[in-house]
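Asker: Chains A, B and C, in that order, are what the protein sequence lines are. In terms of this note's numbering, the numbers along the first sequence are unbroken and rise by one, the last being 288. In terms of this note's numbering, the numbers along the second sequence are unbroken and rise by one, the last being 365. In terms of this note's numbering, the numbers along the third sequence are unbroken and rise by one, the last being 348.
Calculated pairs, EDC-like style, for lysine to aspartate or glutamate (alpha carbon to alpha carbon, straight line, at most 20 Å):
(1) Lys-41/A to Asp-333/C
(2) Lys-211/B to Glu-56/B
(3) Lys-155/B to Glu-187/A
Hint data in this document are derived by calculation from the structure and do not stem from the laboratory.
Letter by letter, the chains look like this.
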Amino acid sequence: MSFLRRNLPGMLVMGIPLMWIALFMLLPYGIIVTYSFWLKKYPTFIPAFQFGNYITIFTDPQYVRVFLRTLKISVLVSAASFLLAYPFAYYLVFRCRSAALRTWLYMAVIAPLWVSYLLRAYIWKTILGTEGVLNSFLMSLGIINEPSSLFLYNQFAMVVTLTYIFIPFMVMPIYTALEKIPTNLTEASADLGMGPWRSFWTVTLPLSLPGVAAGFTLTFCLSFGDFIAPFLVGGPDGNLIANVIATQFGAALNWPLGSALAIVMLVVVLTIVSLSDRMERKGMTGGV
Amino acid sequence: MAAIIELENISKHYSPTIIGVDNVSLTVEDGEFVTLLGPSGCGKSTLLRMIGGFEEPTGGAIRLADKDVTFDPPYKREVNMVFQDYALFPHMTIGENVAYGLKTFKLDKDTVRTRVKDALMLVGLYDKLNQRPQQLSGGQRQRIALARAIVRRPKVLLLDEPLSALDAKLREQMQIELKHLHEKVGITFIMVTHDQTEALVMSDRVVVMEKGRIAQEGRPQDLYDHPASPYVANFIGTTSFLPGKVSALSGGVATIAAGGTQITAHPDVTLSEGATVTVGVRPEKVKLLAEGETADNVFEGTIAEVIYYGLGLRISVTLADGSKIDADTLLPDKLSHSTLPQSGAPVRLGVAAHNVFVFEGTVTP
Amino acid sequence: MTIKKTMLGTLGLLALTASPVLAEGTINVLTWEGYADPSFISKFEETSGCQVNATYVGSNDDFAPKLMAGGGVYDLITPSIDTTKLMIDLDFVEPLDTAKIEGWNDIYPKFLALDGIQKDGEYYGMPYSWGAIAFMYRDDAFDTPPTSIADLWREDLKGKISLWDDKSAIYVAARKNGDMNIYSLSDEQIAAAQKTLVEQKPLIRKYWATAGELVDLYKAGEVVISNTWAGYQSSLLADEGVKVTEFIPKEGAEGWLDSWMVVKGTPNKECAYKFLNMQLSELGQCGVANVNGYSAANASAAKSCMTPEQFAALHQDDPAYLDSLLIWTPLGDRFEAYTNAWNAVKAQ
Numbered sequence: 001m002s003f004l005r006r007n008l009p010g011m012l013v014m015g016i017p018l019m020w021i022a023l024f025m026l027l028p029y030g031i032i033v034t035y036s037f038w039l040k041k042y043p044t045f046i047p048a049f050q051f052g053n054y055i056t057i058f059t060d061p062q063y064v065r066v067f068l069r070t071l072k073i074s075v076l077v078s079a080a081s082f083l084l085a086y087p088f089a090y091y092l093v094f095r096c097r098s099a100a101l102r103t104w105l106y107m108a109v110i111a112p113l114w115v116s117y118l119l120r121a122y123i124w125k126t127i128l129g130t131e132g133v134l135n136s137f138l139m140s141l142g143i144i145n146e147p148s149s150l151f152l153y154n155q156f157a158m159v160v161t162l163t164y165i166f167i168p169f170m171v172m173p174i175y176t177a178l179e180k181i182p183t184n185l186t187e188a189s190a191d192l193g194m195g196p197w198r199s200f201w202t203v204t205l206p207l208s209l210p211g212v213a214a215g216f217t218l219t220f221c222l223s224f225g226d227f228i229a230p231f232l233v234g235g236p237d238g239n240l241i242a243n244v245i246a247t248q249f250g251a252a253l254n255w256p257l258g259s260a261l262a263i264v265m266l267v268v269v270l271t272i273v274s275l276s277d278r279m280e281r282k283g284m285t286g287g288v
Numbered sequence: 001m002a003a004i005i006e007l008e009n010i011s012k013h014y015s016p017t018i019i020g021v022d023n024v025s026l027t028v029e030d031g032e033f034v035t036l037l038g039p040s041g042c043g044k045s046t047l048l049r050m051i052g053g054f055e056e057p058t059g060g061a062i063r064l065a066d067k068d069v070t071f072d073p074p075y076k077r078e079v080n081m082v083f084q085d086y087a088l089f090p091h092m093t094i095g096e097n098v099a100y101g102l103k104t105f106k107l108d109k110d111t112v113r114t115r116v117k118d119a120l121m122l123v124g125l126y127d128k129l130n131q132r133p134q135q136l137s138g139g140q141r142q143r144i145a146l147a148r149a150i151v152r153r154p155k156v157l158l159l160d161e162p163l164s165a166l167d168a169k170l171r172e173q174m175q176i177e178l179k180h181l182h183e184k185v186g187i188t189f190i191m192v193t194h195d196q197t198e199a200l201v202m203s204d205r206v207v208v209m210e211k212g213r214i215a216q217e218g219r220p221q222d223l224y225d226h227p228a229s230p231y232v233a234n235f236i237g238t239t240s241f242l243p244g245k246v247s248a249l250s251g252g253v254a255t256i257a258a259g260g261t262q263i264t265a266h267p268d269v270t271l272s273e274g275a276t277v278t279v280g281v282r283p284e285k286v287k288l289l290a291e292g293e294t295a296d297n298v299f300e301g302t303i304a305e306v307i308y309y310g311l312g313l314r315i316s317v318t319l320a321d322g323s324k325i326d327a328d329t330l331l332p333d334k335l336s337h338s339t340l341p342q343s344g345a346p347v348r349l350g351v352a353a354h355n356v357f358v359f360e361g362t363v364t365p
Numbered sequence: 001m002t003i004k005k006t007m008l009g010t011l012g013l014l015a016l017t018a019s020p021v022l023a024e025g026t027i028n029v030l031t032w033e034g035y036a037d038p039s040f041i042s043k044f045e046e047t048s049g050c051q052v053n054a055t056y057v058g059s060n061d062d063f064a065p066k067l068m069a070g071g072g073v074y075d076l077i078t079p080s081i082d083t084t085k086l087m088i089d090l091d092f093v094e095p096l097d098t099a100k101i102e103g104w105n106d107i108y109p110k111f112l113a114l115d116g117i118q119k120d121g122e123y124y125g126m127p128y129s130w131g132a133i134a135f136m137y138r139d140d141a142f143d144t145p146p147t148s149i150a151d152l153w154r155e156d157l158k159g160k161i162s163l164w165d166d167k168s169a170i171y172v173a174a175r176k177n178g179d180m181n182i183y184s185l186s187d188e189q190i191a192a193a194q195k196t197l198v199e200q201k202p203l204i205r206k207y208w209a210t211a212g213e214l215v216d217l218y219k220a221g222e223v224v225i226s227n228t229w230a231g232y233q234s235s236l237l238a239d240e241g242v243k244v245t246e247f248i249p250k251e252g253a254e255g256w257l258d259s260w261m262v263v264k265g266t267p268n269k270e271c272a273y274k275f276l277n278m279q280l281s282e283l284g285q286c287g288v289a290n291v292n293g294y295s296a297a298n299a300s301a302a303k304s305c306m307t308p309e310q311f312a313a314l315h316q317d318d319p320a321y322l323d324s325l326l327i328w329t330p331l332g333d334r335f336e337a338y339t340n341a342w343n344a345v346k347a348q
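Taking the hints into account, I'd like the entire structure generated from these sequences.
Answerer: Here it is, written out as structure tokens:
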């Protein structure tokens with residue numbers, strides 16, 4: 001009894017988060033895993049233990065196709081975010097002399113995070129639309145004569161929108177990683193005869209890889225699970241895996257198949273996370 | 001000996017009012033060990049970084065072996081730097097760190113291996129070849145940083161406070177090691193430090209800097225014996241200062257009223273009678289006079305404080321005119337309270353005439 | 001703070017945030033936008049003393065998941081005629097006491113004959129409003145008005161065509177293929193429809209999912225031809241000054257019918273029946289006709305509250321029109337084949 005009283009605060013501190021995890025993470029996963037073995041039967045579905053749903057996912061080409069498409073979009077978003085975020089973060093850390101300007105630019109990238117996701121996605125609809133800002137701009141410059149419909153309702157628009165929405169998750173870890181690199185390391189490299197480019201490749205880039213890996217993981221996983229962008233700016237070929245899962249739980253009323261899809265998706269994401277974790281760890285041993 | 005580095009009127013003005021280095025000219029001979037000494041903010045590090053190419057001067061020229069390198073980037077200069085916290089690459093092994101500087105030389109693999117080995121043998125750490133910097137101690141990293149710089153066989157090796165991150169014991173040991181290394185490799189060393197002992201122990205020549213300018217340069221012994229200013233006198237060693245007035249001059253001997261008495265001195269500067277001067281005396285040159293004992297100059301006063309520091313005592317004495325003077329004395333063999341000087345006791349101090357510094361004007365150092 | 005207090009606090013928080021109000025005399029309806037519009041609901045609330053809380057669905061697919069998530073929240077729902085049967089089979093709804101509903105016998109006999117709203121001789125759904133899944137085009141984009149479903153497959157309209165993101169796409173494609181038995185397609189016919197839709201895909205600008213989205217697509221000039229919920233989006237577009245015309249293609253159009261259903265075990269039965277009576281009366285019938293532009297299921301109520309023009313425009317006295325519509329039919333266990341084919345098209 002006295003043991004309990006003495007340890008009660010500690011048990012509460014640890015217990016509540018643990019209960020939270022058990023109740024709102026492990027239990028739902030358990031339910032999803034269970035459902036994934038059930039059987040679709042009109043009007044809903046019945047308990048069973050069979051692998052039909054998983055077999056369907058890997059044999060019906062429509063699921064493999066959507067998985068590959070989602071993979072492609074996520075990789076493109078991560079790559080585009082990286083190509084934009086890295087030079088930006090590099091500029092902020094190493095080139096921007098004014099601390100005020102640096103803070104301002106950093107906030108400019110991070111601030112959209114405080115704006116509703118939907119609003120940000122809608123912005124791109126008005127920019128990329130046939131009668132949108134981009135078309136008006138290009139026409140006023142005389143680059144095109146009539147509005148182009150090539151910008152909206154396709155995979156390009158999805159990549160642009162998702163890149164815009166998730167780029168803060170690439171900038172932040174890269175910025176942090178670059179900031180942690182002591183300036184005297186690049187000076188040492190120059191001192192040892194390396195020009196700026198070779199110094200970048202041999203010192204700065206390798207040392208910032210943990211940040212890059214973290215950024216890739218974040219943007220990839222966020223894109224991989226997205227289903228708003230396909231809905232708002234995606235075209236007829238824009239269906240992603242999350243949309244398919246939503247359809248299975250909604251319109252198709254096939255929770256077992258939807259659950260199996262969710263499990264496969266989870267496995268893909270966890271694989272990516274553990275790969276990048278390994279990479280970060282490897283970077284860590286070389287880390288500062 | 002030929003000049004390897006020539007600095008000609010080098011200045012670094014960050015703004016009209018913020019001046020890092022102000023019109024410094026200095027020549028370093030080939031094979032010399034020169035130390036830039038001064039407190040933080042005196043411009044010594046900035047000067048070193050300009051030699052290394054990490055900063056550009058706003059005026060003047062830098063010549064390396066008769067070639068103007070003033071605006072050359074670091075990777076085009078045949079000088080190498082040992083950074084204050086070593087700047088070893090954490091993502092590379094010790095071997096890779098040392099070999100890094102050889103990449104631009106386009107050497108074949110065997111040559112690289114031999115040179116890396118030689119450099120590591122030189123600092124006695126060849127067995128750490130495949131370890132990472134994080135696995136080494138501070139002193140070992142210091143040696144690796146040296147090996148990495150020396151392996152390129154630069155014309156000049158720059159050392160930016162190389163020992164400041166080490167603890168006192170190790171620092172003393174490394175001072176000697178560095179000095180030996182310098183003798184062994186025969187490369188010109190230019191070191192920056194704020195530690196006067198380091199400067200005196202290691203260097204052929206010391207350049208004392210003050211507020212972006214050179215206060216005085218010379219062999220350690222010359223600086224110690226003939227400081228050009230109270231600033232130098234106090235930065236190299238310790239000096240007690242007394243205000244004084246020249247009462248008589250004859251030949252190289254001056255008679256000066258100071259510390260409540262008339263003292264004789266051999267000033268390094270030309271003085272005029274009646275001039276206001278500052279007299280400097282090093283505590284270690286002040287002798288506690290026994291009864292009946294005498295000296296060139298004798299001061300009388302009372303002991304204000306006695307500080308014990310193991311090797312000896314520092315006795316702070318208040319003179320008749322209220323000015324203060326310090327005297328160091330070794331401890332007698334047998335330590336007993338009765339023989340130790342006591343606070344408040346009257347005391348006589350003796351100083352030889354050639355050990356008295358005379359500086360013009362009044363100075364509050 | 002004890003564990004008990006923490007738990008109570010958490011539950012309280014859940015109660016505050018999670019559910020619609022459960023007060024006495026309050027009915028919670030899960031329905032389409034416009035079906036509980038304040039323009040006629042507030043009058044009902046005043047006279048009946050029952051409060052109405054409306055939650056809106058975006059598609060018929062929302063009813064089952066919302067009710068599966070747990071009972072006791074909603075009292076009344078309005079699925080369309082292809083979903084009503086599912087609600088009955090899922091045991092989510094209870095039989096209606098038609099004697100308690102005034103005007104029941106004024107409902108179009110054609111609707112009361114539909115299989116989807118009854119089971120074992122009992123009615124589960126009260127027909128409320130109906131319309132066609134018509135087609136629609138932008139006036140300024142056509143010199144000759146389109147008349148066929150095939151116009152949605154025209155190469156020269158590439159990138160300007162939209163289609164409802166719904167299994168009904170299969171119905172459209174089947175009719176284009178000449179298969180008029182759209183609710184009892186064979187596997188081969190479904191496969192053919194799927195192929196036809198895949199062929200159309202490069203021409204599609206975007207599949208529309210919500211009424212608002214289709215309006216936006218027309219407004220922004222992205223789309224010039226599509227299918228539509230007759231009467232609804234066209235009037236929204238007219239308000240925006242976009243000139244569009246609805247048409248029934250020569251391959252015919254599907255018809256839909258929404259019915260009110262009472263969720264099984266509702267504790268608010270009294271208010272629920274008051275609500276049903278109101279919705280079938282002039283107040284409810286003309287309410288939805290005025291707000292959404294849908295036709296009424298109670299012709300005699302419609303006749304007394306509509307202007308003759310509106311009465312005619314909504315085909316209230318036009319048995320031939322009603323007969324021409326291919327009224328949605330529950331697909332039963334063929335449902336999966338249809339949705340699967342449509343999903344496969346979208347995955348392509």
